[in-house]
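Novice: Sequence:
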Amino acid sequence: MKFTRLLALLIITGLVSGFAKAEPISDSQAKKLNIIFIIVDDLGWKDFAYMGSKFYETPGIDKLASQSLAFSRAYEAAPRCVQSRTTIVTGRNHNRPELEGANGLALDQQTIGNAFQENGYRTYYVGKWHLGLTAEYWPQNRGFDLNKGGSSLGALASHFWPYTREDREVQTARREMHNVTPFGLEQGKKGEYIADRLTAETIAMLKAHKQDHSDKPFFLYLAHYQVHEPLEAKASDIKYFEHKLSLMPKDNGPDYESDYTGKVKLKQDLPVYAAMIKSVDESVVKIRQTLTELGYDNNTAIVLTSDNGGLSTFDLLGNRKVATSNKPLRTGKGWLYEGGMRVPLLVYWPGVTQAGTTTDRAVIGTDFYPTFLEMAGLPLKPKQHLDGESFLPVLKGNLTPRSKPLFWYFDDAKQGTGNTAMAAMLDGDMKLVRYVYENKDELYNIREDIGEHHNLAAKQPEKVASMKAALLAWQKELNIRQLSAKQISTIKGLIKEMRGVKPKATADTD
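Going by the working numbering, the first residue of the sequence shown is number 5, and it counts up by one from there.
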């Protein structure tokens with residue numbers, strides 16, 4: 005994967021030089037770890053330069069990578085926004101029925117914010133929440149002292165303030181609203197870009213914390229609305245990447261390839277998307293500079309990841325403009341192939357993680373909850389984060405394998421991303437992929453075949469049978485909701501349409 009080589013190149017070229025020396029911090033403050041958790045929406049596994057992108061530019065994040073432990077095999081527990089974010093804040097797989105409330109994440113469910121609050125931390129939330137329709141479901145009522153931007157929105161109508169469009173009406177769905185201004189961001193300036201605004205809100209919270217709550221540690225959760233659609237960026241940045249693209253050698257290969265029910269983008273060549281990634285990179289740089297200025301950089305861990313794979317597919321009969329390519333990984337958002345669920349992950353923990361190192365030890369979104377608690381020296385809550393496994397030993401250099409395999413179940417077939425209903429299991433290097441309603445099983449060795457091109461199911465039927473049995477047992481253990489006959493019929497009809505029976509308009513709202 006040339007991952008280590010790329011990181012070494014960054015060091016040699018000087019992109020990874022350190023920040024200015026921080027001001028001293030008190031002994032009492034040094035004993036308390038602050039944590040900043042940054043999630044980028046729909047960011048693909050290969051969307052950072054340190055991961056091998058030749059078109060996108062991320063010097064600030066590359067620098068962070070050079071000072072962090074980088075995970076090359078990090079996964080989210082679901083390949084879409086709501087389900088993934090549910091697992092992160094609860095430490096439970098999104099399929100557990102107790103998580104489903106009337107209009108969002110059930111109100112009796114505790115979150116990672118609650119756990120930090122209970123242990124004396126100040127908790128801050130900035131950006132996309134997408135876990136409930138009305139205010140009682142939002143961060144300020146789910147364990148966070150302050151919320152800026154977290155509401156029912158899964159995507160903005162525009163990335164420029166007021167983040168709505170005059171040519172569209174306000175829409176309300178069962179769990180979300182569309183074309184409204186995010187909570188706490190009602191006041192703003194025309195032309196203000198959402199990534200810049202969320203960065204400014206984050207910096208304001210850090211400065212206010214230093215002034216008013218310096219006796220307490222903090223847990224700050226920054227969930228960027230970038231790089232989710234709509235594909236919008238600042239004009240100067242788009243122009244820069246248009247020029248860069250014009251100077252790059254032309255790739256004469258195909259733009260897309262077909263994969264079962266979907267078409268897959270093969271090139272990273274959208275200037276507007278590159279510009280959106282640039283805004284995230286600038287955000288990371290500004291936040292780290294602020295930590296240094298405030299004297300927090302030596303006792304603040306930064307964790308950076310994505311909520312699912314990059315948007316790279318649409319149904320076979322569609323003509324949707326998708327954002328990125330996840331190659332060499334297969335497919336993207338919505339799918340349970342590697343492109344839909346494998347994400348970048350960096351953990352920077354001064355004095356603990358070894359700078360510029362990588363690991364392919366598998367971790368998953370449910371693991372963040374117990375890991376963060378242990379990083380902060382707080383007691384675990386095993387009755388809450390039922391499906392998470394702390395990877396604290398990995399951060400400290402102990403690369404022992406996971407104690408249990410990883411499982412996925414995702415029956416949300418969608419034309420917008422062209423994916424069918426799927427389930428999967430990862431046990432070491434062996435991965436089982438099941439097409440839920442089509443009685444189709446595939447088996448891959450993802451160490452030897454990262455692109456999942458060589459199906460080993462016919463050669464290893466015993467392995468398929470044993471993994472399939474384990475997957476079905478896990479589904480039973482979680483009491484995964486079974487769809488009605490009518491719902492299954494609808495999904496099967498949708499699959500037929502996506503495979504070419506008849507055309508239908510594409511849509512995607514999460």
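To be clear, the hints were calculated from the coordinates, so they are not data collected in a lab.
Hints are supplied without guarantee of correctness; some may be wrong.
Stated by the list, open to error - Below, in silico cross-link-like pairs of lysine-lysine (DSS-like), each with a Cα-Cα straight-line distance of 25 Å or less:
| id | residue 1 | residue 2 |
| --- | --- | --- |
| 1 | 408 | 290 |
| 2 | 254 | 58 |
| 3 | 331 | 271 |
| 4 | 467 | 490 |
| 5 | 36 | 408 |
| 6 | 243 | 220 |
| 7 | 238 | 290 |
| 8 | 325 | 243 |
| 9 | 290 | 58 |
| 10 | 243 | 194 |
| 11 | 214 | 290 |
| 12 | 36 | 254 |
| 13 | 385 | 220 |
| 14 | 408 | 490 |
| 15 | 480 | 467 |
| 16 | 211 | 290 |
| 17 | 490 | 500 |
| 18 | 480 | 385 |
| 19 | 238 | 58 |
| 20 | 248 | 194 |
Unchecked claim - Pair ranges (Cβ atoms, derived):
| id | residue 1 | residue 2 | range |
| --- | --- | --- | --- |
| 21 | 488 | 250 | 51 to 59 Å |
| 22 | 145 | 190 | 14 to 22 Å |
| 23 | 397 | 477 | 23 to 31 Å |
| 24 | 194 | 145 | 25 to 33 Å |
| 25 | 250 | 404 | 47 to 55 Å |
| 26 | 173 | 261 | 33 to 41 Å |
| 27 | 358 | 256 | 37 to 45 Å |
| 28 | 408 | 218 | 38 to 46 Å |
| 29 | 404 | 477 | 22 to 30 Å |
The C-beta atom is built at its ideal place from N, Cα and C for all residues, glycine as well.
Novice: So, for every hint listed, does it hold in this structure?
Specialist: Here is how each hint holds up against the structure:
no.: 1; hint: 408 to 290; verdict: violated, 39 Å
no.: 2; hint: 254 to 58; verdict: holds, 13 Å
no.: 3; hint: 331 to 271; verdict: holds, 8 Å
no.: 4; hint: 467 to 490; verdict: violated, 33 Å
no.: 5; hint: 36 to 408; verdict: violated, 31 Å
no.: 6; hint: 243 to 220; verdict: violated, 44 Å
no.: 7; hint: 238 to 290; verdict: holds, 18 Å
no.: 8; hint: 325 to 243; verdict: holds, 19 Å
no.: 9; hint: 290 to 58; verdict: holds, 24 Å
no.: 10; hint: 243 to 194; verdict: holds, 21 Å
no.: 11; hint: 214 to 290; verdict: holds, 17 Å
no.: 12; hint: 36 to 254; verdict: violated, 51 Å
no.: 13; hint: 385 to 220; verdict: holds, 21 Å
no.: 14; hint: 408 to 490; verdict: violated, 35 Å
no.: 15; hint: 480 to 467; verdict: holds, 20 Å
no.: 16; hint: 211 to 290; verdict: holds, 13 Å
no.: 17; hint: 490 to 500; verdict: holds, 15 Å
no.: 18; hint: 480 to 385; verdict: holds, 23 Å
no.: 19; hint: 238 to 58; verdict: holds, 21 Å
no.: 20; hint: 248 to 194; verdict: violated, 28 Å
no.: 21; hint: 488 to 250: 51 to 59 Å; verdict: holds, 53 Å
no.: 22; hint: 145 to 190: 14 to 22 Å; verdict: holds, 18 Å
no.: 23; hint: 397 to 477: 23 to 31 Å; verdict: holds, 27 Å
no.: 24; hint: 194 to 145: 25 to 33 Å; verdict: holds, 31 Å
no.: 25; hint: 250 to 404: 47 to 55 Å; verdict: holds, 49 Å
no.: 26; hint: 173 to 261: 33 to 41 Å; verdict: holds, 37 Å
no.: 27; hint: 358 to 256: 37 to 45 Å; verdict: holds, 42 Å
no.: 28; hint: 408 to 218: 38 to 46 Å; verdict: holds, 41 Å
no.: 29; hint: 404 to 477: 22 to 30 Å; verdict: holds, 24 Å
Of the numbered hints stated above, those contradicted by the structure are hints 1, 4, 5, 6, 12, 14, 20, listed in ascending order.
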